[in-house]
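Listed here are the chains, written in short residue letters.
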Amino acid sequence: MTKRLVMVIDLQACTGCNTCSVACKQENNLPDGVWWTQVVTLGDNGNDSPAGEYPNLFMDYLPLGCQHCVNAPCVEVCPSGATAQTEDGLVIQDPTQCGGCRYCMLVCPYTGVRVFAGETLRYSLPFPTGDNPMIHRPFTVEKCNFCAHRLKRGLLPACVDSCPMVARTFGDLGDPNSEVSKLLRERPHFQLLVEKGADPSTFYLT
Amino acid sequence: MLNPVSVSDPFQNAFGILTQVARDRGCVYRWLALGFYAPDEELVRSLREGLLKQELTQATYWLGMDQRPLSDCLNEVNAYANASLPELQAAYEALFGKNVSRIAARESAYLWRSVTHPADAAGELDRALINIYRQYGLKPQTGAEDSLSVQLEFIAYLCQLETQAWQAGTSQTARELRRQERAFLADHLGRWLPEFCQRVEERALPSFYTALSAFAFRWTKLEYGPGYSSLS
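First to last, the protein sequences are chains X and C.
Be aware that the first sequence starts at 1, since it is given in my numbering, and climbs by one per residue.
Be aware that the second sequence starts at 1, since it is given in my numbering, and climbs by one per residue.
The shape of chain X in the complex, shown without the other chains (with noise of 0.2 Å):
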C-alpha cells in the first residue's frame, strides 16, 4: 500500500493547553498573529468559553491545522506551484513560491487553518527560533506543512513530540503495523467535513 502520512488526534486525551500551538510557533519561528496550528473549544466562539447554560456547561477541544487533504483543492487552483502535494501525502506551502494570490485559501474546506501574512511581519524576540530553515515573507500564505523539515531528519512534527497528553500520534496509514493504523482500528473516529470529499489526513479519535 502506497505511503500516506497521516496525523492522528485522541480528542478524549486533550485538554487544550495549547502546547501544540506554541511548539509549533516556537520550532517554525512563526511571526506574531500567525498560527499554524490552533486549539478549538467546541463550545461557544472564542478560547475556553463554554457551551451550554449554568450548572449544565461543557467545553470540548478541537485541534485543528492544515488537514493534509489527500484530494486536495489547494493543490489543483494553485498557479504558482506553491503548494504540492508529496509522495507520501504531505500538503507542502512555500512562501518563497507563493505569489499571495490566496486562491488555496479561498478553496480550502477548512476555515482557518491557513494565515495570510501581513505586510509587516514582527516577532516578540529579537532572534529566529526553531530548526525550520523556511523564510516567512509578507503577502504570502502560510500553513502547517506536519514539520516536514523535522521528518527529513527522521523527527516527529513538533506538535506531536511536544504534547504533554501524549494525544497526537503520527505516522504512516499505509503501514498496517504502524501506531496510527492500529488506534485508527481500535477506535472510533471521524474526519472533518468529510462531506467535502477531500478525505483529510488528519483523524480525531473520539
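Mixed in with the good hints, there may be bad ones.
What the hints assert, rightly or not - Which residues of chain C face chain X? A partial, calculated answer using Cβ under 8 Å:
no.: 1; residue: V7
no.: 2; residue: I17
no.: 3; residue: R175
no.: 4; residue: R182
Keep in mind that the hints were calculated from the coordinates and are not lab data.
Beta carbons: idealized from backbone N, C-alpha and C, even for Gly.
On the provided structure of chain X, position chain C as indicated by the hints.
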C-alpha cells in the same frame, strides 16, 4: 439507521468559488479602466447612482479583513458621487491633460528609471505590448498600448478568460491565465503604477481621480503580492 453522507467533489466546489473570484477581480480591473478613461456621462451616472461603489464593494468581498482599506478608499471615491461631468472633466484635464504639470498615465513615461535611451525603449515597449495583446487576439488603438486604462482593461480581459476556464473546469488553463495576469503586473503595470499613484497623491488637489488612484494602488498591491514597490 445511519443516513449515508453525500460527498461532494472538492475540485468542482473549488472551481465554482474561483469562477466567482476571477469574475470579481475582472470587475475591479474593468471599473478602474473605465475610471481612468476620460470621463463621460456613464461614469457620472455610475457615481451618482452608487453603482461604482456597490459593484466594487461586492467584487472585493472575498478579501475578508483586507477589504477594509479598500472600503476606506471607496468611501473617498464615493464622496464625489454628486460630481458633474464638467467637474470631472476639469479634474481629469488638470491631471492628465495638456499642461506643464500633467501626470503621464502611460508606462513609457516611467521608463527613464531603468533605461539609458528612453525614446528607443518606448518603441520597444510598444512592440512588446502589442505582441502580448496579439497573443490574445487584441489590438488596442495605436499609440494607446501602454496607457493605464488599456493595461487595466487587458488584465480585466485575462480575468474574463480565467473565469471561463474555471467555469469549464479546465484548471490548467485557468492557472496559466492567473500566472499571465501576475506576469503582466510584474513586467508592466505593477512596475510603474506605484510611481504614478504617488505623483497623483503628491501633486493633485483632492478629486475623484486622487481617490481612484489610491484605490488602484491598494488593489494592485494586494494583487501583486510579495515584492510590490512601497513608493507610496
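Exercise for review: Closer than 8 Å between Cβ atoms is the bar; does V7/C clear it against chain X? Give me holds or violated.
Suggested key: holds, 4 Å
Review point. Close enough to count: is the Cβ of R175/C nearer than 8 Å to one in chain X?
Key: holds, 4 Å
Check your understanding: Does the interface hint hold: is R182/C within less than 8 Å of chain X, judged Cβ to Cβ?
Key -> holds, 5 Å
Exercise for review: Double-check I17/C for me: the hint is only fine if its C-beta lies closer than 8 Å to a C-beta in chain X.
Suggested key: holds, 5 Å
Of the numbered hints listed earlier, not one is contradicted by the structure.
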